[in-house]
Amino acid sequence: MLGLNKKDFSLLIVVAALAFFAPIILNIFPKDSALSFFNGGYPDLMQRFAIFGIFAIGFNILFGLTGYLSFGHAAFLGVGSYAAVWMFKLLSYNVVPAIILSVIVAALFSVVIGYVSLRRSGIYFSILTLAFAEMSYRLAYSVLTPLTNGETGLQVYTNDPQILKGDGPSVPHLFGLEMRARTELDIGPWEFTFPVGYYLCAVILVISFYIAIRIFRSPFGLTLRAIKSNQNRLRYTGMNPKPYMLTAFVISGMYAGLAGGLLAAMDPLAGAERMQWTASGEVVIMTILGGAGTLIGPILGAGTIKYLENVFSKMNEGLLHQWFSFLPDFMEDGVIWVVSKFTGEGWHLMLGALFMIVIIFLPGGLIEGGQRLMNAIGMGKKKDEQSNSAKSEPAE
Amino acid sequence: MGSFILQILNGLDKGSAYALIALGLTLIFGTLGVVNFAHGALFMIGAFCAVTLSRMLSLSFEEVDPTKTDFLGQPLVVKTPYVYDWFGPEAGAAIIDWAVPLAILMAIPIMIAIGFIMERGLIKHFYKRPHADQILVTFGLAIVLQEIVKANFGANPVPTPAPTAFQGSFDFGIWLGFDPNIIIYPYWRMVYFAFAAVIIGGVFAFLQFTTFGMVVRAGMADRETVGLLGINIDKRFTIMFGLAAAVAGLAGVMYAPINSPNFHMGMDFLVLSFVVVVVGGMGSLPGAVLAGFLLGILESFASMNEVKSIIPGIDQIIIYLVAIVILLTRPRGLMGRKGVMED
Amino acid sequence: MSAAALAPVLQKLYGNERSAYHLTADYTWGWTQQESIQAATEALGWKTVNNVLTPLAQTDFSSYIAPVLNSGADVLVLNHYGGNMVNSLTNAVQFGLREKQVNGKNFEIVVPLYSELMAKGAGANIKGIVGSQNWDWKLEDEGTKAFVKSFGTKYGFPPSQAAQTCYAQAMLYADAVERAGSFNPCAVAEALEGFEFDGLGNGKTLYRADDHQCFKDVLVVRGAENPQDEFHLVEIVEVTPVGQVTYAPDHPMFAGGELGQCNPGA
Numbered sequence: 001m002l003g004l005n006k007k008d009f010s011l012l013i014v015v016a017a018l019a020f021f022a023p024i025i026l027n028i029f030p031k032d033s034a035l036s037f038f039n040g041g042y043p044d045l046m047q048r049f050a051i052f053g054i055f056a057i058g059f060n061i062l063f064g065l066t067g068y069l070s071f072g073h074a075a076f077l078g079v080g081s082y083a084a085v086w087m088f089k090l091l092s093y094n095v096v097p098a099i100i101l102s103v104i105v106a107a108l109f110s111v112v113i114g115y116v117s118l119r120r121s122g123i124y125f126s127i128l129t130l131a132f133a134e135m136s137y138r139l140a141y142s143v144l145t146p147l148t149n150g151e152t153g154l155q156v157y158t159n160d161p162q163i164l165k166g167d168g169p170s171v172p173h174l175f176g177l178e179m180r181a182r183t184e185l186d187i188g189p190w191e192f193t194f195p196v197g198y199y200l201c202a203v204i205l206v207i208s209f210y211i212a213i214r215i216f217r218s219p220f221g222l223t224l225r226a227i228k229s230n231q232n233r234l235r236y237t238g239m240n241p242k243p244y245m246l247t248a249f250v251i252s253g254m255y256a257g258l259a260g261g262l263l264a265a266m267d268p269l270a271g272a273e274r275m276q277w278t279a280s281g282e283v284v285i286m287t288i289l290g291g292a293g294t295l296i297g298p299i300l301g302a303g304t305i306k307y308l309e310n311v312f313s314k315m316n317e318g319l320l321h322q323w324f325s326f327l328p329d330f331m332e333d334g335v336i337w338v339v340s341k342f343t344g345e346g347w348h349l350m351l352g353a354l355f356m357i358v359i360i361f362l363p364g365g366l367i368e369g370g371q372r373l374m375n376a377i378g379m380g381k382k383k384d385e386q387s388n389s390a391k392s393e394p395a396e
Numbered sequence: 001m002g003s004f005i006l007q008i009l010n011g012l013d014k015g016s017a018y019a020l021i022a023l024g025l026t027l028i029f030g031t032l033g034v035v036n037f038a039h040g041a042l043f044m045i046g047a048f049c050a051v052t053l054s055r056m057l058s059l060s061f062e063e064v065d066p067t068k069t070d071f072l073g074q075p076l077v078v079k080t081p082y083v084y085d086w087f088g089p090e091a092g093a094a095i096i097d098w099a100v101p102l103a104i105l106m107a108i109p110i111m112i113a114i115g116f117i118m119e120r121g122l123i124k125h126f127y128k129r130p131h132a133d134q135i136l137v138t139f140g141l142a143i144v145l146q147e148i149v150k151a152n153f154g155a156n157p158v159p160t161p162a163p164t165a166f167q168g169s170f171d172f173g174i175w176l177g178f179d180p181n182i183i184i185y186p187y188w189r190m191v192y193f194a195f196a197a198v199i200i201g202g203v204f205a206f207l208q209f210t211t212f213g214m215v216v217r218a219g220m221a222d223r224e225t226v227g228l229l230g231i232n233i234d235k236r237f238t239i240m241f242g243l244a245a246a247v248a249g250l251a252g253v254m255y256a257p258i259n260s261p262n263f264h265m266g267m268d269f270l271v272l273s274f275v276v277v278v279v280g281g282m283g284s285l286p287g288a289v290l291a292g293f294l295l296g297i298l299e300s301f302a303s304m305n306e307v308k309s310i311i312p313g314i315d316q317i318i319i320y321l322v323a324i325v326i327l328l329t330r331p332r333g334l335m336g337r338k339g340v341m342e343d
Numbered sequence: 001m002s003a004a005a006l007a008p009v010l011q012k013l014y015g016n017e018r019s020a021y022h023l024t025a026d027y028t029w030g031w032t033q034q035e036s037i038q039a040a041t042e043a044l045g046w047k048t049v050n051n052v053l054t055p056l057a058q059t060d061f062s063s064y065i066a067p068v069l070n071s072g073a074d075v076l077v078l079n080h081y082g083g084n085m086v087n088s089l090t091n092a093v094q095f096g097l098r099e100k101q102v103n104g105k106n107f108e109i110v111v112p113l114y115s116e117l118m119a120k121g122a123g124a125n126i127k128g129i130v131g132s133q134n135w136d137w138k139l140e141d142e143g144t145k146a147f148v149k150s151f152g153t154k155y156g157f158p159p160s161q162a163a164q165t166c167y168a169q170a171m172l173y174a175d176a177v178e179r180a181g182s183f184n185p186c187a188v189a190e191a192l193e194g195f196e197f198d199g200l201g202n203g204k205t206l207y208r209a210d211d212h213q214c215f216k217d218v219l220v221v222r223g224a225e226n227p228q229d230e231f232h233l234v235e236i237v238e239v240t241p242v243g244q245v246t247y248a249p250d251h252p253m254f255a256g257g258e259l260g261q262c263n264p265g266a
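Protein chains in written order, with our numbering: chain A, 1 to 396; chain B, 1 to 343; chain C, 1 to 266.
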């Protein structure tokens, strides 16, 4: 179906179903129950799941397939956002031209950076991409302020031309359908929200995922894996890996630009901090946490990180006291002391620790963890060849 | 002319910090073949050794002084450091004043221990893993270390002054025949430069003139052969890792008075010091030192008004620009050996 | 605002014949701050020798401070905030600027806007540095006293201006929601437009309807020479009344453009 084999097609269906029912799955706890704290089904967070899922899928096409570790991908996300907001400023709040332009601009940008950076490999490639991204970030903050509005962030002002706006809405919309519009559904104690903006992101996520599967399964994807396992051998067979590398780099840059454009479409504001190298580090962490080189891993990683960031970072001590009040006092204080180091303001500590654990013990990410778990409890089939070949090979 | 000389001084001073960090990075890369993204964190921990010692020395016992009141109108609790009690107020104050130089003594064993633990506990398992994995796991470690420091010392910078004797600045220009007040330079920054020179000289002498150093250098050149000769190279490499950690830590201790230490200072220096290593040539110790000073000076020149008025914003990107140019034109760096990490 | 509040004090302390050298954080906040300080000091008769933009990510400011030595300036204005300010001030003091004599006058450093947290980060270097603040726990009004008392009893140290801002904002928000009878952001905004209140420590405060700017008294402070304890790092030099810092909504330097329509976000 759709040019996919049965297994990939079912994977696509799973992702589509998850994306479609996310507002229900993520709000599984009734509104008034104590566990409703863990609900993640509010529009802002769900949009982030989808958008950063797209970002990570794209990053994975470069890193997962070729093993080239870019530390500058946030730059493409940043220019994507800027391009989208400029479309809002010049044309109208319709998100279609904005998203299209953000992909195009990110593509151009990544052709230039990719062409230069790909002349080196390994750690040199990482440093080159990092240097380009840091330069973009610093210039966007200072010298390029006329273009980026610097620290304030690029936003739409009432005196902007918006030549196509007419009577259209003054918020981002898809041919009149406002991004922030939503339908609420109350069923008994449950409350579900179905936002338009999220569904736009979700549809694009599913399409992006489909394209990624096609790339993974194509001869082109196979060539990229050949580059990862042994570039020299590939060269001896008479193939020039450079154009393939550049194509992969540009495709993943376009995914990043798309994610940036969507971020702007959900909230018409673009800031330079989206381009900082730590933001690039974040997508690296997402991809690896989920499982680099696997199809669904990056989406899983992006979801996990965004969920932790939004849910664990708001666990404060008061809340912990509430939860652990069933323990005797001396134990309660001890438990809370430990847990509070990893939650609330300390959630970065958890992120770092989790990331280290994954790299050390599960180089294949959460996907590998899941497979091992399945094997351990005897439910998993014998590892099939697909997942074997998709498993991480040494990146060099 | 005066401002030109001043900027060279500034460059040498900035370069000292870059060179010290890059030296440690190169030692680790050259000996162990590991790309250590947590090296900036070691520098930061060094700086916080100085903070910790100055806090420990200022540990005080409390007495209530009923004649005075605090900001809430309650009787004032007067804190007197224990060292005042033990050594008398004058000697006690002097000890607290000299906390930063004293912290060197504390930092050396701590940093070596951290280095050992890191190498034996974590890095060792990554020798056979790809560079990307090494980068990632040490990046994770850097986040963890930085968050631990943040949890204990807070997110705000902690002022850690130099001893009073080294505060203020020195009129350098008079020596060179300039008018007074043209070229003055802070004492502590000159101390930092001298300190860096001693450490760098020490490391080179250690590698050059001791048998241990000779074996390590041989190991850097050809690990397998040295291993075949029956020499336990692993143990020596562990020691080198400890040494590299100590160099980064000492660079941090002495840096504390220059800029108040904060938890992300390691990340601030990390990217920079990698650029230094790459520009100098991966695995080349003299290259790391040379590139450190060179980039420090270039950065200082780029921030001069005369330069900025020609190319606005150049001071924002100069380091990265240099890195890109070097990587594209001479990928083995200024002094890298031919064939080492050249593609 | 800072500029209008500071200028009279700068005149009183340092006179009318000064040459200022500006170091400015290279982003929008730094630029506007620098522009307003330059305008206000030039109105006093001060000269502006130079304005140098520094990268936001800069940590070592030595190469920006060094040229100040021979520029002929006798005042250094640091338009920096947060970590930038802590480092640039520390570096400036290291270079001995505070002990310098230029044009027969003592060299001075001015930091137009700073907080106790920044003063704490800069340590002893803050001594004698003039700047402005929103609020300080040493103010004598009843609202401040009550807040300091309950905050100090709970945490053991007096509240910073950040603490006061957070507390005051939470109170204001709760009050606005109550008056509006709704959580809708647009209704809350409307309740705050043109709202004037008193008693939260800053004296009479107005949220002007025309441009949504907040007007209140501004404190001019100076780093204490001999702080009696760690809580007295800064001392209040003067409270500049709100009248002196208010500007017209269409002031060319501060006008932020039209407000546009309220967007409730949902």
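FYI, nobody ran anything at the bench for these hints, they're computed from the structure.
These numbers were taken from a predicted model, which means no experiment stands behind them.
Ideal placement from N, C-alpha and C gives every residue a C-beta, glycine not left out.
The reader is advised that the hints may include incorrect statements.
One side of the interface only, derived from the structure: several residues of chain A facing chain C at Cβ under 8 Å [said to hold, decoys possible]:
id : residue
1  : Y141
2  : S142
3  : T145
4  : T152
5  : N159
6  : D160
7  : S170
8  : K228
Original post:
Hint check: is the beta carbon of S170 (chain A) less than 8 Å from a beta carbon of chain C?
Top reply: Holds, because the Cβ-Cβ distance from S170 (chain A) to chain C comes to roughly 6 Å (cut-off 8 Å).
Original post:
Would the stated hint for N159 (chain A) survive a check requiring a Cβ distance to chain C of less than 8 Å?
Top reply: holds (6 Å)
**OP:** May I ask you to test the interface hint for Y141 (chain A) with respect to chain C, counting a Cβ-Cβ separation under 8 Å as satisfied?
**Re:** holds (6 Å)
Original post:
Are D160 (chain A) and chain C close enough, Cβ to Cβ, to be under 8 Å, as the hint says?
Top reply: violated (10 Å)
Original post:
Does T145 (chain A) pass the interface hint, meaning its C-beta sits closer than 8 Å to a C-beta of chain C?
Top reply: This hint holds: T145 (chain A) lies near chain C, its Cβ roughly 7 Å from the closest one there, short of 8 Å.
Subject >> Status of the hint placing K228 (chain A) at chain C (closest C-beta pair under 8 Å) >> reply: With Cβ-Cβ at 34 Å, over 8 Å, it is violated.
Subject >> Restraint satisfaction for S142 (chain A) [CB to CB of chain C, less than 8 Å] >> reply: Holds: closest Cβ of chain C sits about 4 Å from S142 (chain A), inside 8 Å.
Subject >> T152 (chain A) as chain C interface residue, shortest Cβ-Cβ below 8 Å >> reply: Nearest chain C Cβ about 5 Å off; hint holds.
This entry does not satisfy hints 6 and 8, going by the numbered hints stated previously.
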